[in-house]
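I would like the entire structure built from these sequences, with the hints used as guidance.
So the sequences go chain by chain: B, X and G. Numbers 3 to 102, taken from our numbering, label the letters of the first sequence in order. Numbers 93 to 254, taken from our numbering, label the letters of the second sequence in order. Numbers 569 to 1213, taken from our numbering, label the letters of the third sequence in order.
Since the hints were derived computationally from the structure, they do not count as laboratory data. Among the clues, some could well be false.
[Claimed, not checked] Short derived list, chain G residues pointing at chain X, Cβ under 10 Å:
#1 Ser1191
#2 Gly1194
#3 Ala1198
#4 Ala1200
#5 Ala1202
[Said to hold, decoys possible] Derived list of chain B stretches under chain X, where covered just means 3 residues or more per stretch with a C-beta under 8 Å from a C-beta of chain X:
#6 18–30
#7 49–63
#8 77–85
Beta carbons are placed, not taken as given, at the ideal position from N, Cα and C, and that holds for glycine.
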Amino acid sequence: MVPISYYLVLSAILFGMGVLGFLVKRNVITLFMSIELMLNAVNLAFVAFATQWNALSGHVFVFFVMVVAAAEAAVGLAIIIAVYRTRQTLNPDRVDLLKL
Amino acid sequence: MLHPILFFVFATLCVAAAVNLLAQKHPINSALSLIVVMVSLSVLYLLLGAEFVAAVQVIVYAGAIMVLFIFVIMLLNAGEEEHTHGSRVALLLGLPAVSLFAGLMVWVLGRRPGGAHLGEFLGPTKEIAHLLFRDFLLPFEVTSVLILIAIMGAVVLARREP
Amino acid sequence: MNLWLIPLLPLAGALLNGLFGRRFSRAGVTAVALGFPGAAFAWSLWVAAQFARLPAAAIPYSETLAAWMQAGAFRVNFAFYLDQLSLVMILVVTGVGFLIHVYSVGYMAHEGGYYRFFSYLNLFLFFMLTLVLADNYLLMFVGWEGVGLASYLLIGFWFQKDSASAAGKKAFIVNRIGDFGFLLGMFLMVKTFGSLSFGEVFPAAANLGVEGSAGVLTAIALLLLLGACGKSAQIPLHVWLPDAMEGPTPVSALIHAATMVTAGVYMVARSSPIYSRAPEALMVVAIVGCLTALFAATIGMAQNDIKRVLAYSTISQLGYMFLACGVAAYSAAIFHLMTHAFFKALLFLGAGSVIHALSGEQDMRHMGGLRRKVPWTFATMTVATLAIAGTPLFSGFFSKDEILWKAYSSPQGSPVFWAVALFTTLLTSFYMFRLWFMTFFGERRTPAGDHTHEDHVHESPPVMLVPLVILAVLSAVGGYVGVPHALGGHNSFAQFLAPVFATGEEVAVHVADAGLERLLTFLSVLAAVLGFAFAWVLYCKRPELPERITAALGGLYYAVANKYFVDEGYQAVFVRPVVEGSTEILWRGIDVGLIDDSVNQAAAGARGISGAVRKMQSGNLRSYAGWVAAGAAAVLAYMFWVGTR
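Below, the structure written as structure tokens:
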């Protein structure tokens, strides 16, 4: 039998890699994908806890997370498209007009 | 006996795909890696007895969202990444933070014992439906409004100016 | 008896003129300015009449207006105190003050700031009357400070002139040094007696008995003396009075001759129960007075500005009064105070009349031969000069002789005091007649090339002459209240004041020896005549002699003419170090360097910190993510650390 903690550890690892990706990658779409990875890791944690505590609301919550992730991906990609049109680049380092 | 093997196989697949996502330079490769991660996660959900979630994961996440990503990548004709050194802080502060974070999480979460059994079907879809449309009705409705707003936002933002 | 009316009537006049005088006409300002002091004088006369009918047990009469402060057992009230001494003072102050107000109407007729002048003058009367009527030292101190303020305002009346405003400041600052002594004396009094009101301090002092050597009473007396030196321009705080001549002449007459400068004498006389029981302090008072009298008289001989001569004369005569106090002859001091008020005010007003006639000329070397041009002024000033020189039958003769006799015969006195005072009488006579000759006799010595004034020399208007005449009459006959027994009189003045100065056990006063007194009187008359003779020789008969004498005396004359360089000495020893110290240490060092700099450093520090923090806003997405990750990790670590403890 696999202890729940293994799933949780996996979730932690995936989350860490998502953050790492966000810090390291230089393409804004890849940045987004790292965010999706983080959200997935969290979903795994939710389901694992739902199994542990025998509570179905964990699954419902995962459902909501996915919906929100979908909405966020849609809008975010639209923004990326708009930024690409104006700045002609997908490199977040080049989009630094807010620099003081 | 099958349970641990399946777990480790797909867990390894998850991590490997995630590493690949970070390692690849072209975003399309990263996208495909992410799809692999999602699918293996779906299997892990099945192992945890969450059938509905697993299905939704494949349909919505891997099937819709990632497709959207790929569409955008192809639309923008994104090429390989450049080598820019934008921020030292990100690496200087971020890497230690991440490792600390992950390490802590692993250490804390790893201390809990408690097994899960293959085949313990926790989540009949009917029960989830009951929860969703009864106890969580308000969040459900709000989410639908959220999606509506997202649609409108996406349309407006991505519109080509005449 | 409503004593409070006496000080508050002039205050009302001061407030009216001060606040609204700008809108009144000249006549209106004059009416207010003269009406209120006049009313105060009339009320003083009425009070005097009431006083005469009081039984002896009701004196001193005390009237409390309101409570002022109370701290535990210590209590001070707004209260007024009337006994023979304060009665004499209020009559002198209001009477002479009123005459000078009348004179000023004429003198200041063409000046700007007319209402301001009279407002200040009335304000001065208010404070002076508070001073002499106060029932306790603290209220007296209020009046004391107030007259210093009024003096400052009036000396610097023509404030656009640098010398005038500087003189005002000097007067105020030097007074403050004296006030420091007064304050310390009051503190010591509170500590010793637990009270500041006359009714409690004097009986308590009486209980302490005569001090054999320096004790607390001596300390109090010396500290009060310091205050008196400041106010009455005795050595070493005399330096402000000659400079105070920058003010208009009526101011010099009222404040720096008749009333304010006598406040010190009044205070010492009022504190007689304390002084009489501290023989060492009395000795100091007498020495100070004696030295000042001599010192100022020598300087007065070499001055050429008519007002300066009178200023030094005032210092010298105040020295006489202090000498009298120092030999425990307080009533003699007050007597001289009264007669001095008459003739010195007259001298100043007359000098003002002369200056007015000459359209502003003050240097005696440019005067001369005025006795036909300004006859009334000449006549009245002659009376005053005779009085101050001590000519028999005039008021100054009786008062000065009283002092000389007491200096010789009192147990506190000594022949040395008498000899110095006698010599000073000679000098006084000399320089006063010198002034008289130089101003009114001989030929007019106009400054070279200036012939325009010759035709405009005119007598002063009646509004200025009437006070002169009244004061002349007083200077002539004012002494008859104090004719000593040796010359056949009853010395009513001393008898009148005796109850004030005879409280309990004090140093015994000698019984007069008539024959000796008559001899000494004769000697003083001789001194006066000698002085007149010298002046006549040097300034009338052979005018070329003074120059030869001054040339022969060379350095000595130079020192005397320059006031023995006392001002320069103070400047070098006190003023310059303070100014330099302030500039270098307090201003540049502490204010700019430390305080301003610390504020500037704080601002620079803030700027630096904000500059460093600003770097966080790099606009770079990934660095923001880095910061977020770091923060999240820190929070997580903290929560785990707390949770696992």
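Hint-by-hint comparison with the structure:
The criterion of a C-beta within 10 Å of any C-beta in chain X is met by G/Ser1191, whose closest approach is roughly 4 Å, and the hint holds. Nearest Cβ of chain X to the Cβ of G/Gly1194: about 4 Å, under the 10 Å cut. The hint holds. Interface hint at G/Ala1198: satisfied, since its Cβ lies 4 Å from the closest Cβ of chain X, which is below the 10 Å cut-off. Interface restraint check: G/Ala1200 against chain X, minimum CB-CB distance 7 Å, threshold 10 Å, status holds.
Annotation: interface hint on G/Ala1202 holds; nearest CB of chain X at approximately 8 Å, less than 10 Å. For the segment 18–30 of chain B, the stated coverage by chain X holds: 11 residues have a C-beta nearer than 8 Å to a C-beta of that chain, and at least 3 were required. Counting residues of the segment 49–63 of chain B whose beta carbon lies closer than 8 Å to any beta carbon of chain X gives 10, which reaches the threshold of three, so the coverage claim holds. Given a C-beta distance limit of less than 8 Å, the hint that chain X covers the segment 77–85 of chain B holds, as 7 residues qualify and 3 suffice.
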